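There are 2 protein chains.
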Amino acid sequence: MIDIVPIGTVRGGRTEAEDDAWGTIETDIVLDAARVRPESTVGLADYSHVVVVFHMHKVAEVSVETGARHPRERTDWPKSGILAQPARSRPNRIGVTTVELLSVDGLKLRVRGLDAIDGTPVLDIKPYISGFAPRGTIREPNWVKELMARYW
Amino acid sequence: MIDIVPIGTVRGGRTEAEDDAWGTIETDIVLDAARVRPESTVGLADYSHVVVVFHMHKVAEVSVETGARHPRERTDWPKSGILAQPARSRPNRIGVTTVELLSVDGLKLRVRGLDAIDGTPVLDIKPYISGFAPRGTIREPNWVKELMARYW
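Protein chains in written order, with our numbering: chain A, 960 to 1111; chain B, 960 to 1111.
One chain only, chain A, in its complex shape:
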């Protein structure tokens, strides 16, 4: 068991998770002064994007899938393992999303396109570094391209 103490909280945006249309939503990430110092964000504004690691705390633990299911209950999409799909109800309920960084004001970040609801605990913020993009040719199934078509 690993104890994780959030470093901040998502403020604003949606109050309930929805499947699609996250792209234009702007939210604040308010960092906790008990966890990080104001200097922790020095230089962050030099990056256009950040990677937000968050805990999808409103997903009930009993709803977590540990096997396979049809993504979004779409039976026309293949039954897929929970680790092979972008579902919320996954073990440990950790979300990782790269978002546009709009502004940095001390311990408050403004971002666009974060698919996390108001009140979501934030576990880490990383700068988006292009050198960490996938190396080599990318391959993914067609159904996930359909799923993403309206996501942003």
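It is worth saying that the hints were derived from the structure and are not from the lab.
Some hints could be false.
Any copy, or any two copies together, can satisfy a pair, since identical chains are not distinguished.
Stated by the list, open to error - In the DSS-like style, the derived pairs of lysine-lysine whose C-alpha atoms are separated by at most 30 angstroms in a straight line are:
#1 Lys1104 - Lys1038
#2 Lys1104 - Lys1067
#3 Lys1017 - Lys1104
None of the values given here were measured: they were computed from a predicted structure.
Chain A is fixed; fit chain B onto it per the hints.
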């Protein structure tokens, strides 16, 4: 406080963290049958890459930086906030890396380019989905391009 129970462990590869040259290293990720069922990886082989979320357990908690410092103690690089650099000694010690998926055999995955050492607890595996790549133009400071030059 959030309790996270790892879903698996990194096996093989380096036994100590190093700064550079992770690109050719192959490791296994052995998932824990007490946490996920064999069906959890169904369809994963349809993706070329996976995103591995892991806990950098060998980083001593006392060494975690909560403010700013020079990346890799390079005083020719700007003093940067811990959230504005790709350092291990960050709050919550969570790593997120996209790696090539070489094979899937039930609860055992073989990957290339994972910058985590033997024994590292794995918190989540996500498929790499191109639709989650950053939207818009990417901007990053020059020093981080220098840092990444020998990373893979």
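Here is what the structure says about each hint:
no.	hint	verdict
1	Lys1104 - Lys1038	within (16 angstroms within a copy, 40 angstroms between copies)
2	Lys1104 - Lys1067	between (33 angstroms within a copy, 26 angstroms between copies)
3	Lys1017 - Lys1104	within (26 angstroms within a copy, 37 angstroms between copies)
The structure shown violates none of the earlier numbered hints.
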